[in-house]
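Take these sequences, add in the hints, and give me the full structure.
From first to last, the protein sequence lines are chains A, B and C.
First residue of the first sequence: 5, per our numbering; consecutive thereafter.
First residue of the second sequence: 7, per our numbering; consecutive thereafter.
First residue of the third sequence: 1160, per our numbering; consecutive thereafter.
Be careful, since some hints might not be right.
[Stated by the list, open to error] DSS-like mimics (lysine-lysine), calculated; alpha carbons at most 30 Å apart, straight line:
id: 1; chain 1: A; residue 1: K38; chain 2: B; residue 2: K11
id: 2; chain 1: C; residue 1: K1236; chain 2: B; residue 2: K318
id: 3; chain 1: A; residue 1: K50; chain 2: B; residue 2: K182
id: 4; chain 1: A; residue 1: K50; chain 2: B; residue 2: K318
id: 5; chain 1: C; residue 1: K1202; chain 2: C; residue 2: K1383
id: 6; chain 1: B; residue 1: K11; chain 2: A; residue 2: K56
id: 7; chain 1: C; residue 1: K1202; chain 2: B; residue 2: K318
Keep in mind that the hints were calculated from the coordinates and are not lab data.
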Amino acid sequence: MAEKTAIVSPLPGIFYRRPSPDSPEFVQAGEAIKVGDVIGLIEVMKNYYEIKAEEDGVVDQFVVGDEELVDAGQELVTLTK
Amino acid sequence: MINVKKPGLQTTVQDRGRIGYYEIGMPPSGAMDKYAFTVANLLVGNDPNAAVLEITYLGPVLEFGKAMKISLTGGEIPPRINGQPVPMWTTLEVREGDQLSFDFVKGGARVYLAIEGGIAVPLIMGSRSTYTLIGIGGFEGRAVAEGDVIYTADMRKKEIPVGTRIDPDLIPAYSKTHEIRVVVGLCSYRLTEESKQTFLDTEWTVTPEANRTGYRHRGEKLHFVEREQPFGAGSNPSNVTDLGYPIGSIQVPDGVEPIVLLHDAVTGGGYATIATVISSDLDRMAQVKTNEKVRFVSVSLEEALEARRTVKQKLGVIAQFIEIGM
Amino acid sequence: MKEVSQLQTRYEYGGDEFIFVQLSEAMSLEANFKGMAITRKLKEANLEGVYDICPSNASYMVRFDPEIIAPQALLEKLQQIERDLGGLDEITITSRLVDVPVYFNDPWTHEALMRFRDRHQAPDSTDLEYSAKINGYANTDDFIEAITSAPFLVSMIGFVPGLPWCFQMVRQEKQIEVPKYVRPRTFTPERAFGFGGAFSVIYPVQGAGGYQLYGIAPAPIYQKEQTLFDFQDSIVFPKQGDIFRYRSIHADEYQAIREQVEDGSFVYHKKEIRFTPGEVLSDLEAFAERALRRLYHD
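See the structure below:
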């Protein structure tokens, strides 16, 4: 069985899966990602903070939907290795 | 000197603030949580107005270029030196090459990092505080960025022994629900009686628009007393003839989403202000995060002054303890 | 003679560090002069513990340290100043008269306002055309003539550093009134000349904004480097109580002034003027004439 990990939000704010409303999503479930890949943005205090993968893996699922509010420490995405 | 390896979300140089320029439209800026700011300087023996770093939500990674004493106060963004957890509200010592980093925020929103001697940035209009809107003060008028080098000043007044720590009873607790005390007034006559009550009864949620200029809250719609708008006031019922906004004053543009104006706010404008956060609770407001709950509690001016005295007394106890503890 | 009487004063505490005093709910020259007189007296009193004295359009605000001056004592002092003020003919105000050149219909603000037509009440006309029309002027030239023919009182400074709210010194029926944009612009050029409600402004720095845009001033009103003569003592030029005369200029004079600003030689043309509010309010046309004569011919 593949090992599961999660990417968590370091910040409270709004989670965005796209760089802008007209752009495609950064990544999709099932896609392989590498360290440093941007998987989403958190908007807070009129800043956009890039959420990056800290390890290689395959996106298992998004725990939080596009434009949903998140808290600091909340899981955004689960990965399988 | 200190090297900025990663800047964090918004890390700025702040002191007590730029006082006395409100009339030209210049807000004071300065540390959002003055209690934590004051204690941070006390713990490293600095002049009370020495400049510190204010860290918001997400901590920076900093590397120290020489040995020095530091202290960290404010919200719980757990600090580590070279990967090892270190206590907050304590006089710490770092060596040359040590790295300071932070875990994710657990409670509160802002941490103050004081360094022995304070931060050396130019004094602009009597203050070292950063005001990013027009790019003055602090580190080149902006938040610190990767690659910046921060120098220390010589505003140390006393030698404080490493390991000096604050009595836990004097360390504020940071929850996710907050009661913020306000003096109702200013243009509160513009609200209907029912909406005045709604304002106080509602549990408001802090939106992502919450920063040094102000905190916006989501909750109920508020209504204004119907009237023919006076000349010069603008057409929306939430508009008044442009006036000055006190720091901590609360306005409700179009009756939705009350905004508490804070230290980098606009100094005036055309929205009715309905209440003002008392000075002691501005410190507590500074530790409120996006998504947390806020209830505004109406107090009298006397109660506001009493709360102010209590804070001052606590700071007096801390100062005395640090003095005797030597 | 007109007395300070029809205004209704409201004293309010803004938490434990501010007192807010509303002199009138409506904007008027009378309310503004009264606030100016009170705040100038308060400044002269030089009270310990008073940090900021901020006159605004029809109100004023004071920031203080309640440990140095008791809020109740300060409030009583403010009430006493109001009581002792006397009539509008007994107050003498000294102001700076300033020539403020404005390049109306300039290419930069024109480009900015065209970018945001979808946020405007009248997407098919310019801000000048729209404002002229709703204020009953036949064309934009007549509208600009109305703005430039009578001086404006700098009734309040604020929002951001140095931004002057300016209220034209004409009878209320001649006051220009325009709405703000339906949704604010995300961009306004630095030094843009705009109008919103009954107030004109000059934007000190580039940024968002909701006022109608008519032109651009070649000279700054905010200079953080403080290299120009008029900025030696302060990073902002306007002072509450100043009287601005907006003078319509063309591209060549705009360029010439810009060059003076760049080489550091620009100085605002200004004169001192003394008046009583009573004298101004009793005959605004005569005052405007006197002010312009003093500014350009005395």
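### Task
Could you grab the alpha-carbon distance between A:K50 and B:K182 and see if it respects the 30 Å cut-off?
holds (22 Å)
### Task
Would you check the hint for B:K11 and A:K56, treating anything up to 30 Å between C-alpha atoms as holding?
holds (17 Å)
### Message
Need the status of pair A:K38, B:K11: alpha-carbon distance at most 30 Å?
### Response
Status holds; Cα separation ~22 Å.
### Query
Are the Cα atoms of A:K50 and B:K318 separated by 30 Å or less?
violated (34 Å)
### Message
Please verify whether C:K1236 and B:K318 have alpha carbons no more than 30 Å apart.
### Response
holds (26 Å)
### Query
Is the straight-line distance between the alpha-carbon of C:K1202 and that of B:K318 30 Å or less?
Since the Cα atoms of C:K1202 and B:K318 sit roughly 28 Å apart, the hinted pair holds (cutoff 30 Å).
### Task
Take the C-alpha atoms of C:K1202 and C:K1383, compute the straight-line distance between them, and say whether it is at most 30 Å.
Holds: C:K1202 and C:K1383 sit about 25 Å apart, inside 30 Å.
Checked against the numbered hints given earlier, the structure breaks only hint 4 and satisfies all the rest.
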